[in-house]
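Top line first, the protein sequences correspond to chains S and E. Heads up: take any position in the first sequence, counting from 1, add 228, and you land on the numbering used here. Heads up: take any position in the second sequence, counting from 1, add 228, and you land on the numbering used here.
Hints listed in this document are in silico derivations from the structure and should not be mistaken for laboratory results. In this text the structure is predicted, and so the values were computed from the model without any measurement. It is possible that some hints are incorrect.
Since copy identity is lost for identical chains, a pair holds within one copy or between any two.
SDA-like cross-link-like pairs, simulated, lysine to any residue; straight-line CA separation at most 20 Å [said to hold, decoys possible]:
# : residue 1 : residue 2
1 : K247      : D259
2 : K268      : Y302
3 : K268      : L237
4 : K279      : G262
5 : K238      : D278
6 : K287      : L242
7 : K230      : I261
8 : K268      : D278
Protein chains: 2
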Amino acid sequence: MKARVTVTLKNGVLDPQGKAIVGALGSLGFDGIGSVRQGKVFDVELDGSDKAGAETKLKAMCEQLLANTVIEDYSVELL
Amino acid sequence: MKARVTVTLKNGVLDPQGKAIVGALGSLGFDGIGSVRQGKVFDVELDGSDKAGAETKLKAMCEQLLANTVIEDYSVELL
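Full structure from sequences and hints, please.
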């Protein structure tokens with residue numbers, strides 16, 4: 229089973245990398261960009277076909293390893 | 229207008245970071261994980277409301293800055 233886990237910074241957490249990207253896009257001539265915030269995506273392949281079990285497992289992975297839940301939110305999507 | 233750009237490694241490109249994550253998950257007790265591949269996600273806020281124009285602009289941003297098109301694929305999604 230395939231799943232996609234998306235980890236993004238929580239609102240209010242500063243994102244200097246995103247700010248740098250806005251700057252770089254501006255110097256490339258792209259204007260009208262309000263903001264950019266960068267996150268991570270993990271494409272996970274799991275054995276088995278138990279959807280509910282897989283979702284629970286993926287959430288546990290996020291809590292323990294994939295996301296820093298102090299500053300990041302995560303979402304799990306089964307494909 | 230909000231958009232999400234997802235940048236992932238092309239098939240066949242080695243992902244040592246993903247392999248490290250599989251190893252780390254294994255040592256945390258998560259088994260049955262076939263593979264993990266890590267990518268990036270950019271949440272972009274654009275001025276204006278021209279959807280077609282925004283999509284063209286976002287694709288140009290990917291080609292020029294956000295993705296390394298030699299080894300990465302990108303997808304653009306308007307929210």
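Comparing the hints with the structure gives:
no.: 1; hint: K247 - D259; verdict: within (14 Å within a copy, 38 Å between copies)
no.: 2; hint: K268 - Y302; verdict: both (9 Å within a copy, 13 Å between copies)
no.: 3; hint: K268 - L237; verdict: both (9 Å within a copy, 12 Å between copies)
no.: 4; hint: K279 - G262; verdict: between (38 Å within a copy, 16 Å between copies)
no.: 5; hint: K238 - D278; verdict: neither (30 Å within a copy, 28 Å between copies)
no.: 6; hint: K287 - L242; verdict: neither (24 Å within a copy, 26 Å between copies)
no.: 7; hint: K230 - I261; verdict: between (33 Å within a copy, 10 Å between copies)
no.: 8; hint: K268 - D278; verdict: neither (25 Å within a copy, 27 Å between copies)
The structure shown violates the earlier hints numbered 5, 6, 8.
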